[in-house]
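Engineer: Residues per chain, in single letters:
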Amino acid sequence: MMNKLSLPGLLALVIRRDLVLAARRRADVLTTLVFFVMVVSLFPLGVGPEPEMLRKMASGVVWVAALLASMLSLGRMFSADYQDGTLEQMLLAPQSLPVLVLGKILAHWMASGLPLVLMAPVLGLQFGLPAEQLGILMLGLVMGTPVLSMIGAVGAALTLGLRGGGVLVSLLVLPLCIPVLIFGAGAVEAAASGVTYSSHLSLLGAALVTALVLTPWVTAQALRISME
Amino acid sequence: MLEVGNLGCVRGDHRLFSGLDFSLSAGELMQVQGPNGSGKTSLLRTLCGFVMPEAGEIHWRGKNVRELGEAYYADLVYLGHLNAIKDELNALENLRINAGLAGNSVDEKSALAALRRMGLRGKELLPVKVLSQGQRRRVALARLLVSDAPLWILDEPLTALDTGAVGLMQELIGEHLSNDGMVIFTTHQPLQVAGVETRSLTLS
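Sequences listed follow chains A and B, in order. All residue numbers in the first sequence are consecutive under my numbering, ending with 228. All residue numbers in the second sequence are consecutive under my numbering, ending with 204.
Only chain A is shown next, with the shape it has when bound in the complex (with noise of 0.2 Å):
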């Protein structure tokens, strides 16, 4: 028997392979994760245990760590696909293809940016957070880090097949995604300092919102000029 794929049928099989092979490649899941408690442990030890100044910047260390370990699994969106010629098939996909594109990118912030968001109130706590700043950090991160994954795939959509990419993508990357920070880590010290933190998480459901619309879109069409 065979049917037509619909368009929501095509985005669910590209979120459900992706998700497999990330559950089969374990150790691509898990170094993401370690890297991310490790760089957010260092920091106490680096600068003493002091609980006043720990609380204070517990937002900013957790974000920025959370913004490098995105970095680390972005090389790895496209380029296994690349290589074993799954994009060509997927670039012929008589569906379009920002949506394909679009699954891919749910999977790969499912299997990258979800355990950081679950993670980081573990991390906050270390830090002596409170829980209603843990709760403003986590929702943050809910918002912002599939931002940075969507960021990411158009960097690493234009980094496709070149030698170093991996480093060259954190370049193209890390400066754009210095809002989706500002705005993540301001939250939570607005909260601390018991200021209104709502304009900060609208800001970050804002750019949420127009990554979801414009990066898609960017990215299937980087992809289609990294395969010429």
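Don't read these hints as lab results, they were simulated from the structure. Incorrect hints may appear among the rest.
As the list claims (entries may be wrong) - Once the Cα atoms are required to be at most 25 Å apart in a straight line, the calculated DSS-like pairs of lysine-lysine come out as: (1) B:K109 <-> B:K129; (2) B:K109 <-> A:K4; (3) B:K123 <-> B:K109; (4) A:K4 <-> B:K63.
Position chain B relative to chain A; hints supplied.
Structural biologist: For chain B alone, kept in the frame of chain A given last:
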């Protein structure tokens, strides 16, 4: 029907071919010939739309493929040098995912039937990384059996295949052509399909 007019391709500073004209109708088989580096793969990749032609146009059923876009992709299967299969997945998963990317949702029964026809009985649920090169190629070729696209573009389909599998490929191509399909391929091995004249296109 596939029509190519005045097609030219440049890679870097090197002109591979220019002024290429040919057409392919239902039931026709065309072999692209030429020495290494003459642009056979580039021609096939241009036909798939990966490479923008430097000059000329490609028409499918009377319309430019640039305008057709995804409607054209629904009518073609491309099999390149790379198998597009994942080591971590088994043959069955690979086939069903690849069929899905090509826009077809294939149930387990027909996917298993396709793999068995390709001589992979008993290997359907093994991770592809334990299969040999020839067996991996067979997994990739099984994609042809779960597609209803009329145009097959095959780049060296016989690489790593044993004589039995080459015979099987000839049989599959024969069946496809008798269903009004079209095949354009490159190979350095002889490939004869019973009852069909192979047209040849030589790049120099």
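Engineer: Each hint should be assessed against the structure and marked as holding or not.
Structural biologist: To see whether the hints hold, each was checked on the structure:
Note on K109 (chain B) and K129 (chain B): the hinted pairing holds, with a Cα-Cα distance of about 23 Å set against a maximum of 25 Å. A distance of roughly 16 Å separates the Cα atoms of K109 (chain B) and K4 (chain A); the hinted pair therefore holds under the 25 Å criterion. Distance hint between K123 (chain B) and K109 (chain B) is fulfilled; the C-alpha atoms sit about 15 Å from each other, no more than 25 Å. With a C-alpha separation of about 23 Å, the suggested pair K4 (chain A) and K63 (chain B) falls inside the 25 Å cut-off, and the hint holds.
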